[in-house]
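Peer 1: Input sequences plus hints: build the corresponding full structure.
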Amino acid sequence: MTSTTFPLGLNDSFLPSGVGDGCDVLVGRCHCSERYFFPVRSYCPECLEPMEVVPLSGRGHVYAFTTVRRRAPLGLPEPYAVGYIDLDDAPLRIFGLFAADAVEGLKTDIKVDLRVTALGHDNSGEPCLRPVFHLSGGQHG
Amino acid sequence: MAEVWIGGAGIIPFGEHATRSIVSMGAEAARMALRDAGVPPREVQAGFFANVLAQRLFGDITVGQNVLSEVGVCGLPIVNVENACTSGSTAFFLAVNAIRSGQADIAIVVGAEKMHVPQLGLLNPGETAIDTLLGSVVPASFALRAQRHMHEYGTTAHQLAMVSVKNRRHAEHNPVAVFRKPITVEQVLASPMIADPLTRLQSCPNADGAAALVLFSEKAARRYGAKIRVASAILCTGMYPPQPDLARWETDYRGAHLAYEEAGIGPEDINLVECHDAFSIGEILHCEALGLCAPGEGGRLVEDGVTALGGRVPVNPSGGLLSRGHPLGATAVAQLVEVTHQLRGQTGLRQIENARFGIAQCMGADKDGDAKSCTVAILSNGKG
Numbered sequence: 085m086t087s088t089t090f091p092l093g094l095n096d097s098f099l100p101s102g103v104g105d106g107c108d109v110l111v112g113r114c115h116c117s118e119r120y121f122f123p124v125r126s127y128c129p130e131c132l133e134p135m136e137v138v139p140l141s142g143r144g145h146v147y148a149f150t151t152v153r154r155r156a157p158l159g160l161p162e163p164y165a166v167g168y169i170d171l172d173d174a175p176l177r178i179f180g181l182f183a184a185d186a187v188e189g190l191k192t193d194i195k196v197d198l199r200v201t202a203l204g205h206d207n208s209g210e211p212c213l214r215p216v217f218h219l220s221g222g223q224h225g
Numbered sequence: 483m484a485e486v487w488i489g490g491a492g493i494i495p496f497g498e499h500a501t502r503s504i505v506s507m508g509a510e511a512a513r514m515a516l517r518d519a520g521v522p523p524r525e526v527q528a529g530f531f532a533n534v535l536a537q538r539l540f541g542d543i544t545v546g547q548n549v550l551s552e553v554g555v556c557g558l559p560i561v562n563v564e565n566a567c568t569s570g571s572t573a574f575f576l577a578v579n580a581i582r583s584g585q586a587d588i589a590i591v592v593g594a595e596k597m598h599v600p601q602l603g604l605l606n607p608g609e610t611a612i613d614t615l616l617g618s619v620v621p622a623s624f625a626l627r628a629q630r631h632m633h634e635y636g637t638t639a640h641q642l643a644m645v646s647v648k649n650r651r652h653a654e655h656n657p658v659a660v661f662r663k664p665i666t667v668e669q670v671l672a673s674p675m676i677a678d679p680l681t682r683l684q685s686c687p688n689a690d691g692a693a694a695l696v697l698f699s700e701k702a703a704r705r706y707g708a709k710i711r712v713a714s715a716i717l718c719t720g721m722y723p724p725q726p727d728l729a730r731w732e733t734d735y736r737g738a739h740l741a742y743e744e745a746g747i748g749p750e751d752i753n754l755v756e757c758h759d760a761f762s763i764g765e766i767l768h769c770e771a772l773g774l775c776a777p778g779e780g781g782r783l784v785e786d787g788v789t790a791l792g793g794r795v796p797v798n799p800s801g802g803l804l805s806r807g808h809p810l811g812a813t814a815v816a817q818l819v820e821v822t823h824q825l826r827g828q829t830g831l832r833q834i835e836n837a838r839f840g841i842a843q844c845m846g847a848d849k850d851g852d853a854k855s856c857t858v859a860i861l862s863n864g865k866g
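Sequence order for the protein chains is A and B. Take the first sequence: its letter number 31 is residue 115 in the working numbering, and every next letter is one higher. Take the second sequence: its letter number 322 is residue 804 in the working numbering, and every next letter is one higher.
Everything labelled a hint here was simulated from the structure, so no lab data went into it. Beta carbons are placed, not taken as given, at the ideal position from N, Cα and C, and that holds for glycine. Incorrect hints may have been included.
Residues from chain B that keep clear of chain A, each with C-beta distances beyond 12 Å, as calculated [said to hold, decoys possible]:
1) E485
2) S503
3) P559
4) Q601
5) K663
6) P777
Taking lysine-lysine pairs in the BS3-like style, the calculated list, with each CA pair at most 30 Å apart, reads [stated by the list, open to error]:
7) B:K849 / A:K195
8) B:K854 / A:K191
9) A:K191 / B:K849
Peer 2: Okay, here's the thing in structure tokens:
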């Protein structure tokens, strides 16, 4: 999956992990405060020095979720689900898409992991790969 | 701090004005506010114009000069303001500060927006924001807050729907509101689901419209007369924490705290509130942030009728964004116009008796699970 690219604007924030269809989250970390930042940025907004970019596993737990049922943007399917995910590997709560087959099974605190997944279509009508959270099989809660 | 007074207020009916331009609507509201203030246009010393979409939809920029020159307000400092839903209250904040600083004795604030056009499209947190690229749309960001609030506090779908029902009942007697026909909880819940748990009738309608205010210094207030005093005017922005709390909106609480502090009063002194009910859950969150009830109690507050006309502290007596409609740049000025009219006793069948203090609260634009902008103003009828 090394040639995988996401829609423009997402490739600085998500990186296929090279393991199956797994996907890492790229976050910023600055040693001035040990704080993590997402989306990643080049410079720390506190000490203004360059910041380290760290890949984190896309494993986490659902903090909040909703299913959007009308007027899906960006060629996304209708309905589609989005939410906030608490990452396991850093104190970060990030926004993300959920897989189509996860829509009906979403619950607060359920385990999810990020995978490279075809979801919806791009501007030319072709299937579009995106970083998408899936329910982690058999480990609910 | 120097006193600032509201000398004049004007608002045109919100709705679909297919044949009218932003300039035509804004100028009408400005004329109403100037006549209400009894001030000749040449006496105005600073102008602040709020609009969000004119550049994107029509390719127009610096529209404020076009609007204000229509009412003879020329040759003075004019600032065009964009701060999403809080554009109008940000323009108000700037006007208040222009007077407080002594730079002007009379300032005009106009907000105008035209949204009923085919090219409007979807509103989102900004075309290049990462959340937008991952499918965030405005209803989704509020739906996520609603889902989390229900999860943590047991807030119910019925309570969310009650916000829409109450505000529609209030709008029945507001001639500028888009929707004035009463609705039931059943109708709200049966309307199409937009983003779970928010249905269409829990989402504010787009609208065209304009509203305006004329502000006075103490000196101008003595000359022209004014009854409504600005007790505080706060503009603050988000902190964008790494783990945003969707059930307790810190920026909202902070804005409220600063406004009470500047006014030297507390939530128990407030007699009415106009707040940013772009979606039903918004009003519940803002009631909690403004201290009208404890965190988590906002659903019960509306269910118990505390925030209805006739209740302890009516919220959105105008009908709110949910019924009046939400022309982005005009909305926060409209809120201030409603509070002004209420405190002057000019709102007819939706009048709140003996009100001394009223709040206009607004929030604008998502970023990283927070709001980019929050405004809270407290107005007093001068006795307080």
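Peer 1: Now tell me, hint by hint, if it's right for this structure.
Peer 2: Do the hints match the structure? See the list:
With a closest Cβ-Cβ approach of about 38 Å to chain A, B:E485 is found to remain outside the 12 Å limit, as its non-interface label requires. With 12 Å as the threshold on Cβ separation, the claim that B:S503 sits away from chain A holds: the shortest Cβ distance comes to roughly 27 Å. Here B:P559 stays apart from chain A, with its beta-carbon at least about 32 Å from theirs, past the 12 Å limit. The beta carbon of B:Q601 sits about 15 Å from the closest Cβ of chain A, which is more than 12 Å, so the claim that it is off the interface holds.
Non-interface call for B:K663 relative to chain A: holds, since the shortest CB-CB distance, roughly 23 Å, exceeds 12 Å. With a closest Cβ-Cβ approach of about 16 Å to chain A, B:P777 is found to remain outside the 12 Å limit, as its non-interface label requires. Taking the CA atoms of B:K849 and A:K195, the gap is about 25 Å. The hint holds against a cut of 30 Å. Under the criterion of a C-alpha separation no larger than 30 Å, the hint pairing B:K854 with A:K191 is consistent with the structure, at around 28 Å.
For the hint linking A:K191 to B:K849, the alpha-carbon distance of about 24 Å falls within 30 Å, and the restraint holds.
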